Amino acid sequence: MWTTPNMLAAGPLSYEQITVFLLAFGVLLGMARLFGEIARKLGQPTVLGEILAGVVLGATVMGNPAFLGEDGANVKFYDWLFPQYELDEGGEPVQYVPLNAIDYATVDGINPPPDYAADDRGDTVVTEADEEAEAKRKYDGGFLSMTMFLNLAAVFLLLVAGLEVDLSIVWKQGKAALWVSLMGMIVPFAMGFALAWFLPAQIGYDTDSDLKLAFALFLGIAMSITALPVIAKILMDMNMFRSDMGMLIMSSAMVNDILGWVGFAMVLALVAAGVDAANGGGDAAAASGSALTQMLTTIGWTLLFVGGMLTVGRWGINKVLPFVQANTSWPGGVLGFVLTVSLMCAAATEAIGIHSIFGAFIAGVAIGDSKHLRRQTVETIEQFINNIFAPLFFAGIGLRVNFIEGFDLVAVVLVLVIAILGKLVGCYLGAKWAGLSQRESAAVGFGMSARGALEIILGQLALSYGLITEKLFVAIVVMAIATSLLAGPAMQAVLKRKQKLRLEDVLSDKAFAGQLRSATRRRAIEELSETGAAATGLDAAVIDAAVWKREQLMSTGLPHAIAVPHARLPGLTKPVVVVGQSNAGVDFDASDGQLAELICMILTPESDGEVQLELLAAVAEAFQTDDARRRCLEAENFTEFKAALVTSSAAGGHA
Amino acid sequence: MNMLAAGPLEVSEITRLLLAMAVLLGLARLMGEWARQLGQPTVLGEILAGILLGQTVLGAIAPGGYEWLFPSDPGSGIAIAEEGFIVMSATLLLLVVGLEVDLSTVWRLGKAMGVVSAFGIASPMAVGSTLGWFAPGVLGVEEVADNVRLPLAIFVGIALSITALPVIAKILMDLNLAKSDMGMLVISSAMLNDLVGWIGFAVVLALLPQSGPALEPHSVGEAVSVAVAAVETSGGGSGKTGVVVTIGLTLGFLAFMLTVGRLLLHRVMPYVQSRWSYPGGVLGFVFVVALLCASLTEHLGIHSIFGAFIAGVAIGDSHHLRERTRDTIHQFVTNIFAPIFFASIGLRINFVEAFDPLAVAVVLGVALVGKIGGCHLGARLAGLSQRESLGVGFGMAAQGAVGIILGQLAHQAGLISDELLVAIVVMALGTSLLAGPAMQKVLQLKTQKQLHTLLSPKQVLIDSRARSIHEVLHELSKRAAEVTDVQDEKTIFRAVWSREQIMHTALPNGLAVPHARLEGLKRPYVLIARCRDGVDFDAADGQLSRLVCLILTPVDQPDTQIEMLSLIAKAFESSETRQRCMSADTTLEFLAVLNQAASEAGHDLTPHDSATLGA
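Respectively, the protein sequence lines represent chains B and E. If you number the first sequence the way the numbering used here does, the last residue is 655 and the count never jumps. If you number the second sequence the way the numbering used here does, the last residue is 615 and the count never jumps.
Only chain B is shown next, with the shape it has when bound in the complex:
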């Protein structure tokens, strides 16, 4: 086959690398979206599908030598699409030679490259040298770029999470929120810490390493963190977002998140200090002493940063934002401003020695708190981040981790049980003390136990810092997904509430009648009944009779050219809405005198009285706007109809 000349490389990236980079980007994004959508279809969180996409494309399935051997086609393809190292002609990784390699021999204080490292300390030196040689392999340019994008994705994800935090809500909730979040942190933290301290081997702790304290602290924090976006989504689905309890859960989760991330930053500081001290060599006392000072410095800087950003920074941003909005192009100016600030903060925290995402999160909190920030700006940022960067990030997680090898039932069960139990008990107690009823307290506990995406980011970070092993990481990922799955249904069960019904969920291709030929009410109902019969398996005459009987009691025309003939039918197992369009219009005797152009026949099971009312409301809501009605009327087939419905209801939801 013909290949591109390699001499085309002008910059640091060759043509071949750019090709593969773009392709890998596209494939990863495409698979992540596809799997995410499938997961959503099955009623699961999107993030589950996105991670699965990475698992399929990554080391677990496609890059797994267990299937076709080390040289199998799948492994080769994986290595080609997601290369880690640049390979020379022999297929061996190119060794990286820094430009200033010669200086290494003469300059003190810099680790010499492997060649110079030979001394007589025995085996360990050899392995260290080997490791270093490994580290000095030249990374593939595409891989580096991809890593950078995934890094950015994490930064922006946390920015979005921070933007969602509204400090003023927290103040308003006051004591209750404080109780719930404090108890919701302390109990799981203690449980997680205890688990890691007493049973480290069971959850994959490497007993040789001397980071046991940091490890235990990490697990404690990992257990005590929550997932604001997941909780918000669950509450919205249950139509409880604006309720008192919804606000309580939201604000507790916010406090929880801020404290959790600050705590995590501390743990990272501890790890960084420990590693550095160990690196420095010398006697143990000096090492621990310098570790302590370093840790204190890092923690001091972290607190200074957080304190500064949440007071002076917040105030400053609140002052500058109107100026930016008044004097720069809209919305470009604000978008650029928000991202620049968050990148700066990310760089600052990275320089402090805690991770960059932490700075982005705090920047998000500081910016999102300003009342000058328009919802639309946040929406634009969120759409882009959540739909492009988030899938990439989560797929990227599964890419390099082998989930089959890392899966350990004991670890998974331990982590999962502790995670749910800790949150449930802690939040339940907190909510009880704050004066909520037993049932509500349990619901708060279940709601707060959702971990979601942020937990995975946390785990990923700890993994990349060498704090935890793949075994625990896999357990954490499973736990995060499982708790997110569980929280919604559990809350519903405890509170005995149902999820809001949406029109598009009960529509189907079969129940779409398209353009009606009939011009009268009687004929239109007959025609719709025939379609309804095909969709439900009932007899057309039965449907027709029931609907017509109801219609004669009182006509079902609504304003704005909508009609909703309906009936409750015995033998029907689930609700069905049959939709017909009529450009000419059918007279359903509406109060505003308009002919009905969109006719939705609502058929519900006889046993369930509520669902009919719900669907009636859903129809009225779906066709609220002129634009939605017009586009639904113009749709030529079911797919187009549903597209019109989904896109306009999404747009309406934002307003």
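Just to be clear, a hint being listed does not mean it is correct.
Derived pair list, reagent style DSSO-like, types lysine-lysine, alpha-carbon separation capped at 30 Å [to be verified]: (1) B:76 / B:471; (2) B:371 / E:570; (3) E:111 / E:441; (4) E:570 / B:319; (5) B:41 / B:574; (6) B:319 / E:478; (7) B:41 / B:175; (8) B:371 / E:458; (9) E:441 / B:319.
Simulated DEER-style distance windows between Cβ atoms [stated by the list, open to error]: (10) E:540 / B:592: 53 to 59 Å; (11) E:532 / B:175: 36 to 42 Å; (12) B:559 / E:570: 51 to 57 Å; (13) E:358 / B:56: 55 to 61 Å.
Some residues of chain E that are not near chain B, with every Cβ distance over 10 Å (derived) [what the hints assert, rightly or not]: (14) 88; (15) 115; (16) 417; (17) 463; (18) 482.
Hints were generated in silico from the structure; no laboratory data involved. None of these values were measured; they are calculated from a predicted model. Even glycine gets a Cβ: it sits at the ideal position worked out from N, Cα and C.
Since the structure of chain B is provided, determine the placement of chain E on it from the hints.
Using the frame of chain B, we list chain E on its own:
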């Protein structure tokens, strides 16, 4: 902290990387806004930001800082990661441009496009190749080995004839011309032009002796014959068939995407929108298609931006793509990715070093004259007016990033000297900087005036307690005396008051526009008083006036008053804007509301109608 880096990038590298991007983005946006305020295309400021942060300025003042932020060692992780981001930015930018292209207009302009791009290529190519062949010394190339004479000549020709699709597109968007006929003509001609240019460049690379310039003499004839074989006949068993394959596959890809691909996308789009979450599904879908196409064209040996552009064209043609989706992509890409890309253009170049005035002048002159002359001629032949033709010429003259990439490639292949590279780079940047302002000048485009650009915070009285016309006019006159050239409060008040006596100046919806023409005023002024209690200006709809806008215009500009009146009426047209203006807490917020409302209304504006071409 070195041990902490488990990934390929070390902690300190990530810090630098994030900081570099923040600085790049921040300064580019800042300079871009500044350029916009001066009435220039935003891209001008963005490119300048890159020059400031690049080798030329920052690198000269603080070489350590420059090296730290933007390391030049191609092996360093930061340089690679930055490059990756820039490639992605260019790709996404072209996707956005592609989405804006209206295919039906392009077909309609088919002939004009062909003529313009043919002349746009032929003229600078001819001049450039002639220069390269006969007088390489002028270009700073002292000695030319015989075997590179032909490739050098062709290369110079191509380097001078290529255009910069991203720059042109951005200029057109900045000038609000992207959707006009003329914009379409320029963009599509530029695309055709670049396609030919890149294919030509592939030919040059095929012509280059494989083992560097120092080669046995007999390979000249060989190279030429191979080139001839490669270009004129299709086939040949030698290694140079790559060129033919490239051309064939490129054309095949183009044809496929614009016919079958377009149809398929059109079919799939409603499916994606109905079955997938909105807007995430569509956004992801658009990006995936664009990335795959970009990857494909990159593999074919032409730049990845083409794939993204063509994907954009094919997707944007489907009327199922909702304006909202388009908007989200557009906003994010043009405001975040594009500034970083444009700033990166000037980053790596040192304009002081290896600067050869003669070579620069010659290259710049030839590029400008050749391009503008050729395109002007072509456009005239296609039936455009003199003014429009010149506009097309200037637009097509922008060479930007693409010219620089070409230059660097040729430089690395040992084809051109440092001096020529610098000359090409200066030319590329110079033309990019020039194109926008020149087009604006030639086409006499006026940046549309908007109310908020005329207002400063001092000109808004946010909390007027006035209850009568007399009081509010007094307050406004007093403030007017402070901000305008007319110092005398009484003069202003008397002029406005006497006008108000003739007939009340209320508009519907709680607006009032007292006005006067004043001696000694140099430019028009608008002052706004927001009266919470309302003042009775005797409006036809009976409402009290809460937003009182005083219009002061110079005596010698009779039209300005009408213009201001319509500006005010338009700015406060929507009830939402009025309501948000009433609830703004500070003058800055008040201005922010107007700014935002104006840009939102701007979306619905039809593009400038100065360029309507005959079909």
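Numbers of the earlier hints that this structure fails to satisfy, in rising order: 7, 9, 10, 12, 14
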